[in-house]
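Heads up: the sequence lines are chains A and B, in that order.
If you count the first sequence from 1, you need to add 7 to reach our numbering.
If you count the second sequence from 1, you need to add 528 to reach our numbering.
Any given hint could be a false lead.
Stated by the list, open to error - With a straight-line cut-off of 16 angstroms between C-alpha atoms, the simulated EDC-like cross-links for lysine to aspartate or glutamate are:
(1) B:Lys-719 x A:Glu-153
(2) B:Lys-847 x A:Asp-54
(3) B:Lys-990 x A:Asp-54
(4) B:Lys-983 x A:Glu-62
(5) B:Lys-593 x B:Asp-578
It should be emphasised that the hints constitute simulated quantities derived from the structure, not laboratory data.
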Amino acid sequence: MRRTVFRSPWLPYLLVAPQMAVTIVFFFWPALKSLQLSLYRTSPFGDKSTFVGLENFATLVADPDYYRSVGNSLVFAAGVTGLSVLVALVAAGLATQKIRGLTFYRTMLLWPYGIAPAVAGIIFLFIFHPAYGVLPYFLSFVTAYEFNWLLKGWIAMVLVIVSTAWTHLGYNIAFYIAGLLAIPGSVLEAADVDGAGPIRRFVAIVFPLVSPITFYLVVLNMVFAFFESFGVIDAVTKGGPGNATEIMVFKLYKDGFIGLNLGSSGAQSVILMALVIGLTMIQFRYAESKVTYR
Amino acid sequence: MPFTLRTLLSTALVIALTGGLLTSPVGAQGKTEIHFWHAMTGQLGEAVDDLARQFNASQGQYEVKPLRKGTYPETLTAAIAAYRQKSHPHIVQVFDVGTQTMMLSGAVYPVYELMKEHGIAVDWKDFIAPVVGFYSKDGNLYSMPFNSSTPIFYYNKDAFEKAGLNPAKPPLTWKDVEAYSKKILASGAAKCGFSTGWPSWTMVENMHAWHDQPFATKRNGFDGLDVELLINREFGVKHIGQLAAWQKDGIYSYGGRQGAADPKFVNGDCAMYIQSSALIGGFTRGVKFQWGTSTLPHWGAPYKQATSIIGGATLWVLKGKSPAENKGTAQFLKFISDTPQQMWWHVNTGYLAISNSAVRNLEEGYHFVRNPNQYTAFAQLTGLPPKAPSGMAGKKPAPVKSERIATPNSQGIRLGNFVQIRDVIEAELENIFAGKKTTKQGLDDAVAKSNQLLKEFAAANKP
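Here chain A stands alone, though its shape is the one from the complex (with noise of 0.2 angstroms):
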């Protein structure tokens, strides 16, 4: 390989500042701020503000309402991850099969995650409303039980995380049929040969062979989850019934911007920030040692 050697010592600076003036002024500068913000007790308007050190920290640590809120996004995250990838996957396996109509099929499959959060979350508050939903009006042709999520935590809990995958869907499917169509058809057709049914040949080969994009979009959807999940939770349930769907991400907007809490919004989010930094750290850590790279 050639080796590229610059003649002027400022021109490598040059070419990656454009990239690193995105980052600082929208991650590191953002990042800077909040932490600033975590360390103070500032009025809504700014005019009175009072250096109150870990004081916003103290509070939240000993606050069981935040760990609710914790355990909340580890359970939504969990589901949300859980569902979208392997889904996907099911999904996207099906997709590559030697189907008519095969294009139509894997364009449908890629639609929603066009959908921005918040429509997603309207979409789904028309079907599943237990006041003017269309499903709950149907089923309760069928069963007396009442879907009433509005009252009953874990529903909404389903409820969210089934619609925040649903969103996330199209994406994590583009991703495996990207992957199943590049596994070689002689290793499968070898496996054939050697008399492995469809699923012995899924388990052996193929999940093995697309474990980089597994792990790749665990990481991915994890981080979504924790971060931009925001919107479905906001038109669905604003974190209720009783703070049962309340994820982190919520619970920061709303005691920032709806309450005015700048300082315990500001902490919030630097532990959000190390949580997930934390988080995708161990996946690194522990998970990429069982991912096959080719």
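Following the hints, put chain B in place on chain A, whose structure we already have.
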């Protein structure tokens, strides 16, 4: 640069993107611009635009420019962010629960001061007492009441008839509500007796006021910041406990926060509904059965009878504008509080007219005879007889006088962090109605968490 369509469009785009902030206060026709940020959507937003147009046409010096900034919390957050960058509007609409935050912000030009300093006489005594009380400090009005409403009782007359109840006789007590609900359920006229909108506002805040029970210490927070909630006392536990018991029997059906339960009434599932008086307009257009309104049900003795409290939003004037602009702001606020505009606003939006003269004029014009439902909220807030005086053709009605005076328990509630407190209360109500907690436990938890929020607010706003 030649003046092309392209320059025009790009200029328009820049103005749109910056919310018109780059334009100078003096507009194209030499008029002083007054920026007004609000949160009214749909038909209500059009009414706001219309009101501004009326003011702009009434004089040649000022031009009020209304701009919708999203929901109530979004509008407030936007105004705060703008204030910190000194690019704030002259007037911002803030919802009732944001009152304490605004009063202590140091960013506000109190309305009474604004009017006094610009020599504009306003007869504050003519304003309906519970409306003014909510937004006053030491007897001085801080923000101009704009869209005010109060929860009232709605009922489905067709369902009443089907259940063998007299549609002209709505229930006046909670015992009646229970008995009527049982009849309605037994006859199959509806699937549930009643439901509620805005659960904390209607069932906790207003029920305490309506029964003259304190919601919080220090006169519901009007007298200081070291406040604690009192909703876990005898009355609160009795009322919420009864709702929880009724939830089991199908008499009450919890339908979610804010207006999420509206469809339960509109599609006929629940025969009775407690929700803001501002929904009269929407129900008039959207409800297909015969319906009526009445004052809120009461538990009777030993509880006293006071007024309900108002909700909605008011207009706050922000500091840091020139005297000339402030003068225009003052004139606009005076304009919208004048009797003709108050009447127009009430008739077109369903929000309450806030002056006694406007109510009197509406009555003289037979507005309430034609629209008896519009009268219920006034009756509740002022203690007037619950029915609109009818058959007064040819005869001038007696002057309206408030008979029911707002008590310290019913003049309103002024708490810091009230948005979160409402959220805490509603979350605990959901735990109670779902049977996850006993009524006492749920309300105790709501009080403990709210008190913590109140402490934090007091600490952050130490003088």
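Status of the hints after comparison with the structure:
1. With a C-alpha separation of about 13 angstroms, the suggested pair Lys-719 of chain B and Glu-153 of chain A falls inside the 16 angstroms cut-off, and the hint holds.
2. Our distance criterion of 16 angstroms between C-alpha atoms is met by Lys-847 of chain B and Asp-54 of chain A, whose separation comes to about 13 angstroms.
3. The straight-line distance between the Cα atoms of Lys-990 of chain B and Asp-54 of chain A is roughly 12 angstroms, inside the 16 angstroms bound, and the hint therefore holds.
4. Note on Lys-983 of chain B and Glu-62 of chain A: the hinted pairing holds, with a Cα-Cα distance of about 14 angstroms set against a maximum of 16 angstroms.
5. Proximity of Lys-593 of chain B to Asp-578 of chain B is assessed by CA-CA distance (about 11 angstroms); at most 16 angstroms being required, the pair is judged to hold.
Hint violations for this structure: none, all hints satisfied.
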